[in-house]
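> Work the whole structure out from these sequences, hints included.
Number of protein chains: 2
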Amino acid sequence: MKGTVLLLFLFMTSILNAQSDSNVVLVIHGGAGTILKKNMTPEKEKAYKAKLEEALNAGYEVLKNNGSSVDAVQAAINIMEDSPLFNAGKGAVYTNKETQEMDASIMRGNDKNAGAVAGVQTIKNPINAARAVMEKSEHVLLTADGAEEFAAKCELEIVDTSYFRSDVRLRQLKRVQEKEKTVLDHDGDQGEVDSSEDEFNIDYIEDKKFGTVGAVALDQNGDLAAGTSTGGMTNKRYNRIGDSPIIGAGTYADNQTCGVSCTGHGEYFIRNVVAYDVSAIMNYKGVSLDTAANEVIDKQTEFGGTGGLIALDKDGNVAMPFNTAGMYRGYVKKDGSIYIGIYGEE
Amino acid sequence: MKGTVLLLFLFMTSILNAQSDSNVVLVIHGGAGTILKKNMTPEKEKAYKAKLEEALNAGYEVLKNNGSSVDAVQAAINIMEDSPLFNAGKGAVYTNKETQEMDASIMRGNDKNAGAVAGVQTIKNPINAARAVMEKSEHVLLTADGAEEFAAKCELEIVDTSYFRSDVRLRQLKRVQEKEKTVLDHDGDQGEVDSSEDEFNIDYIEDKKFGTVGAVALDQNGDLAAGTSTGGMTNKRYNRIGDSPIIGAGTYADNQTCGVSCTGHGEYFIRNVVAYDVSAIMNYKGVSLDTAANEVIDKQTEFGGTGGLIALDKDGNVAMPFNTAGMYRGYVKKDGSIYIGIYGEE
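Chains as they are written, first to last, in the working numbering: chain P, 6 to 351; chain D, 6 to 351.
Rather than coming from a laboratory, the hints here were simulated on the basis of the structure.
Every clue listed holds true.
Intra- or inter-copy, both count: the list cannot distinguish identical chains.
As a list, the in silico EDC-like pairs of lysine to aspartate or glutamate whose alpha-carbon atoms are at most 16 angstroms apart:
(1) 95 to 162
(2) 102 to 154
(3) 304 to 116
(4) 117 to 143
(5) 117 to 307
(6) 338 to 58
(7) 43 to 350
(8) 102 to 183
(9) 339 to 228
None of the values given here were measured: they were computed from a predicted structure.
Following this line, the structure appears as structure tokens:
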């Protein structure tokens with residue numbers, strides 16, 4: 006009897022807590038790179054901010070209604086995948102073969118289960134396929150045709166490859182190819198270009214390696230989740246895979262520490278195991294999320310790896326360090342306040 | 006002048022050190038799993054030990070002659086890839102589609118450069134392709150046809166897929182498929198079977214997830230390198246990729262800490278970023294290689310991830326923890342002494 010009363014008390018307390026204390030946080034990114042105010046028009050800036058806000062609202066709506074952090078991450082990323090503004094899903098960049106090969110991964114912090122897909126060409130929302138791998142298979146990483154076959158079995162939305170084609174991204178490919186023909190050092194910065202030619206001007210970001218999207222959420226159960234989705238690198242060859250579908254490199258989540266999603270020059274993020282490194286530093290050195298996240302990006306800067314990350318810890322603290330000129334980013338904090346940023350100093 | 010004399014002195018000292026102090030170490034594994042003495046015949050045991058010794062000698066020969074740790078890792082792994090005894094190269098297991106899809110990765114500790122291939126079907130020695138990716142591309146991970154195209158351009162040896170076919174491995178596939186038909190819980194242990202039917206008896210290891218090979222070396226320059234090569238999981242579907250080609254999960258090397266190569270249930274090794282975790286624990290907690298490596302495998306045991314790893318630090322210390330019944334393993338230490346082990350207690 007005593008036990009039942011205690012259980013009832015705990016149950017009521019937990020319900021009251023859940024209702025009164027909206028302890029949820031969502032943080033997102035839409036890629037880091039040479040994003041400079043001087044290359045922006047007010048229209049472009051407005052379009053990006055509106056889409057980031059839409060993604061934040063979609064994810065936050067899930068969290069407010071007691072949805073899971075996995076649902077929130079997926080909802081936020083789906084908005085960005087469905088937009089041509091970002092290098093993921095609909096806006097994925099072109100490979101050397103004028104196709105799109107997309108990668109995505111997701112991880113949840115309560116049991117550290119994870120799922121990922123790489124090199125998929127017909128799945129409308131790759132993050133949904135990553136989630137299906139996590140929840141409906143014993144595997145973590147499925148690739149290419151096999152991943153598509155699995156996604157189809159899971160009844161995810163499959164689209165014709167033409168869905169991902171766009172003139173803007175194709176012109177971006179041609180410019181990168183032209184540049185690579187004339188530049189011996191393929192690793193060099195692509196610099197800035199005037200791209201006023203394009204109606205929507207989304208490709209003034211000449212960095213061929215950037216534009217990945219990601220989200221990290223903390224739900225009312227205190228569960229963290231992180232996800233990342235990308236079209237990879239413009240003009241990529243040889244079925245190259247970057248950090249986005251690699252658990253530990255592009256995505257990581259552990260309720261004991263934090264959730265992380267990265268964006269940047271994937272090869273460097275793989276070599277330094279960036280997403281997990283934030284968690285490891287917090288865990289083993291006992292420092293704050295902010296200290297750990299900044300240490301990791303400082304290490305990347307020293308290493309020559311450009312990019313950034315978003316991170317969220319179990320207490321709802323947010324960090325969004327990057328070593329590029331800008332990073333599309335935003336968050337909704339516990340108190341419901343929204344922040345959206347694009348450039349370096351805001 | 007003073008400077009020149011000092012430089013000359015340092016140069017001579019370094020040459021003398023290199024010649025007098027053979028500071029090199031090589032450690033290898035040929036997979037972890039349900040390897041029990043009672044299932045072994047003296048012939049089988051002899052065959053495995055002889056092949057492990059051959060691999061150790063091949064790598065040690067490179068190191069003794071002032072070769073690089075990368076060369077040594079490749080030489081040792083090539084011996085195991087070319088043998089039908091191990092689940093890598095020639096002995097790679099069958100996928101659900103009765104093909105072989107092989108993965109490999111390599112990383113060097115001096116600049117933390119890395120290369121990997123996944124899902125390749127025609128490259129005789131996948132570790133050589135991983136090395137070519139590291140040295141001849143700006144990428145880290147190439148997959149499937151693209152990786153094969155790249156390997157061919159690098160003039161690596163390409164073979165017909167029939168090279169990887171074997172009756173023994175095909176029977177292993179059929180048994181796993183039969184078992185999966187009758188067992189609902191695909192994650193359960195496969196138990197032990199009597200496989201005296203097979204002449205060479207290599208498939209008494211019924212664990213469908215094991216048999217990966219790997220090597221870690223320390224050369225006379227003090228440079229570490231680590232590599233891993235595998236056929237993956239018997240009966241794998243959907244172009245599944247495990248931990249072996251994932252830098253951070255299956256392979257890691259950093260001159261400041263250690264080199265690591267893993268073997269085991271890949272999905273668990275990916276989720277816990279096992280190879281990098283050994284390095285992170287050493288680095289951030291300031292503990293020894295042995296302490297870090299054992300902490301990581303203890304964590305895997307608690308997590309439910311079966312397998313093992315080999316690790317080697319910059320001072321030549323070796324650790325080879327595993328939580329399975331056995332792991333094919335061996336090392337040559339600084340003083341030239343060779344150790345070869347198979348079971349748990351030796």
